[in-house]
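Got chain C; can you put chain A on it based on the hints?
Protein chains: 2
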Amino acid sequence: MISPVPTLAAATLHFLEQTLGAENLSVTNADREYHARDQSFHHAHLPAAIVFPENVAQVSAILKHAHAEKIPVTAWGAGTSIEGNSIPIAGGLVMDFLRMDKILRVYPEDFQADVQPGIKYKDMNAKLAAQGLFFAPDPGANASIGGMIGNNAAGTRTPGYGATRDNVMRLEIVLANGDVIHTGTRSKKTSSGYDLTHLFIGSEGTLGVVTQATIRLHPIPEHFSAAVASFETVADATRAVSAIMGAGLNPVALEFLDVATVRELNTTNEFHLRENPTLVIEFHSATAQAIEHELALARELCQDYACLSFEAGVGRAERDRLWKMRHSTYAVIVRNHPGVSFLICDVAAPVSKYSELVAACEAEIAALNLPGASIVGHAADGNAHPLVPYLPEDEASHARALTALGKMVRVALALDGTATGEHGVGLGKIPFMRQEHGASLDVMRALKNLLDPHGILNPGKMF
Amino acid sequence: MISPVPTLAAATLHFLEQTLGAENLSVTNADREYHARDQSFHHAHLPAAIVFPENVAQVSAILKHAHAEKIPVTAWGAGTSIEGNSIPIAGGLVMDFLRMDKILRVYPEDFQADVQPGIKYKDMNAKLAAQGLFFAPDPGANASIGGMIGNNAAGTRTPGYGATRDNVMRLEIVLANGDVIHTGTRSKKTSSGYDLTHLFIGSEGTLGVVTQATIRLHPIPEHFSAAVASFETVADATRAVSAIMGAGLNPVALEFLDVATVRELNTTNEFHLRENPTLVIEFHSATAQAIEHELALARELCQDYACLSFEAGVGRAERDRLWKMRHSTYAVIVRNHPGVSFLICDVAAPVSKYSELVAACEAEIAALNLPGASIVGHAADGNAHPLVPYLPEDEASHARALTALGKMVRVALALDGTATGEHGVGLGKIPFMRQEHGASLDVMRALKNLLDPHGILNPGKMF
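Protein chains in written order, with the numbering used here: chain C, -5 to 457; chain A, -5 to 457.
Chain C extracted, bound-state conformation (with noise of 0.2 angstroms):
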């Protein structure tokens, strides 16, 4: 790996000073604290400086700069990230893309969108909704696009739109040395070239840094309804999970809560679910006629697995009150037990191992005898996200956690599974990547290091 650097030599500070104006240069211990961490448990690490770019002509220079002086670079969104994706752990500077935040142009008619790195995912909808359009992969947090690409970053709507590979059709590219390059096509089909865009699409800034995506919007549905199904089993849930996908259904989101997570909601006295292993289901479709028979469809499915209950919702008012209950599950945790503090886990395996993965997942997580352990997952896409309680002031309790969700993620690779679905590799997934890619890993490096010779690309993540 590079070598660390701390601080930027004088020489360095003044190119950067001249390149990008003062105003766009920070030193300042509030910034570089602002820039040494994301939302993850991993440690902290100052950059030596900030840098915001305000247009691609600015990141190429930094980069050529950068590349020549050996200076890391890490590329920075929204710190929204959860596995250490962003901490610049060898310091040198952090590239923030707060500057570089706008639309740049809608196709109304093409379902797409030229984009710059640094706008908010939230942010960026609400200005499109004014032309009846979204982005679909909803990461939950409001990440930056540039964060989302970095990591393949997905979520609750990706049964339904994919993830934010299946969404991105062009970009632009700084690579370390400075030069641009173009990846892709507005044309929804190509066969021309190798695909470089999917190559740059989850690299997490450590093979270029995006400076520029068209991404695939879709049209805000018309028809919105949701269901709510509680089973005796999580098996009973999760073949009801490949029943509803078997029959064509096509639901946008298809959540899974285990008995757990739904015992938490319900100290709220807002939800009064059953304390069973439930689905949250949401359809988006063309007709109002054709929610009734998909509810009715999906409901039939459901029963064909004994399920408990089956409560259905029609309409954006009905979905949204549904959805509070998923979109509450962590703070109404974090809230339920002061003083513990959890591991966020991201594992997931094929659709028929899921109930397997689960009860791995719930048997882990159960032996660390702390309250809040609980599980919450993408059910259609295999993903689980198990909480893992640990106690902050104990380091023993810590590297508990650790192991526990080092052991749930070779469940997952035993499954036939991954190491991540959604979260990216960071520094938390970096012990399970030769398990998981054996001589591919190789290759991956080998990229690395044709790309990025002196590594001075997000250093110390991926490998």
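Note that these hints are calculated values from the structure, not bench results. Since the model is a prediction, treat every value here as computed from it, not as a measurement. Be a bit skeptical, because a hint or two may be false.
No distinction is drawn between identical chains; accordingly, a pair holds when it is met within one copy or between any pair of copies.
[As the list claims (entries may be wrong)] Restricting the straight-line Cα-Cα distance to at most 20 angstroms, the calculated cross-link-like pairs of lysine to any residue (SDA-like) are:
| hint | residue 1 | residue 2 |
| --- | --- | --- |
| 1 | K58 | A433 |
| 2 | K442 | D173 |
| 3 | K121 | G240 |
| 4 | K442 | H176 |
| 5 | K58 | R428 |
| 6 | K58 | D436 |
| 7 | K58 | E48 |
| 8 | K401 | F426 |
| 9 | K442 | P(-2) |
| 10 | K318 | N49 |
| 11 | K318 | L337 |
| 12 | K401 | N23 |
The following block gives chain A in isolation, referenced to the frame of chain C:
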């Protein structure tokens, strides 16, 4: 480029015979001629020999030897490509996957299967139908799965189900030096490491050779419907396409036939179509009731753009009847014009530019003053296939057709489109790669040099 290898040394032949068995090696003229051409107009080139590996160990041993001895190796599936993608222009070995043609395992609850590259698309779907499943990307021809992965093949069903790229989860790949790697995961979601799977899909056998793939399947739908709508102008038809996509209707297929194509079809006295720009639309629905609503909404949207007729059919038989027309076009046109040959052009642009693309293509092919000039396309993807007529015995005529083809590609690129929507680069689209990709072509070439430093894999393609 690697030096051509028109014949093999005795030691190499001996090695191949030892590795494969004599029955899996051929140097007969019949086999060499069969593997010298694809279905395009590109010139044939004889390979020195053909190998028929039976397993990954044999593929690895052959590539290791070829890498050391600098012998070209071109992977071969069904020979159905139409840009010269599989023509062994540097001689050497053709590696025909005829004997690696099995479905190894089906995961019915996960809608996935592990398959070998030599299995043919139609044969595979015939087998999968017993389990109610199918592989959705339909390239038209009975291509091999390995070839479809190499080309990122797509077709009429891509609006509903995506291209091959969207339907492959894992790959087993043998690199140029014989190393075997595994990419991807059976988990539907992953953010783990660089996306090597997508890098190899569409690389036309120039970066590695696929020996196994985990493909994504879909349940065979319960309810089919189709409609044929004719419009006064191509622009009206295109706007109807945008409206249908914007309404969230999710058609499985949305095909375009220009007036010339419709006139050709009417010569058969079978279809009785209005001689106007025409769309053919297909829906797959989860419930019988949904069909009626989808067709009613589609009709309404087509009427918003002044459609002249809208004929709908419900059920598989009706769907098949309407599709027969679309699938007959090439055969009808060839039969109608004996003595005329056709280049099949493949260009794509954003949907909003589709009428402009079609108009430019119509002008180019009309200027050739030969019968049979016509355009069909996958309208929802902005993909157009002009049939470019020429006289096969007249070199000047062939040259004029190629010039017209080049102009159409440059129009597509000027419209934010791509040189190839689904046929791949092969030999035919190489001249347009720099214009389309700019500096990222250099990155592609660097990846090629990294993974195949001696240039043995499908030499002379892509670059």
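> Which numbered hints are broken by the structure, listed smallest first?
Replying inline: Numbers 5, 10, 11, 12 - these are the hints that the structure violates, sorted from lowest upward.
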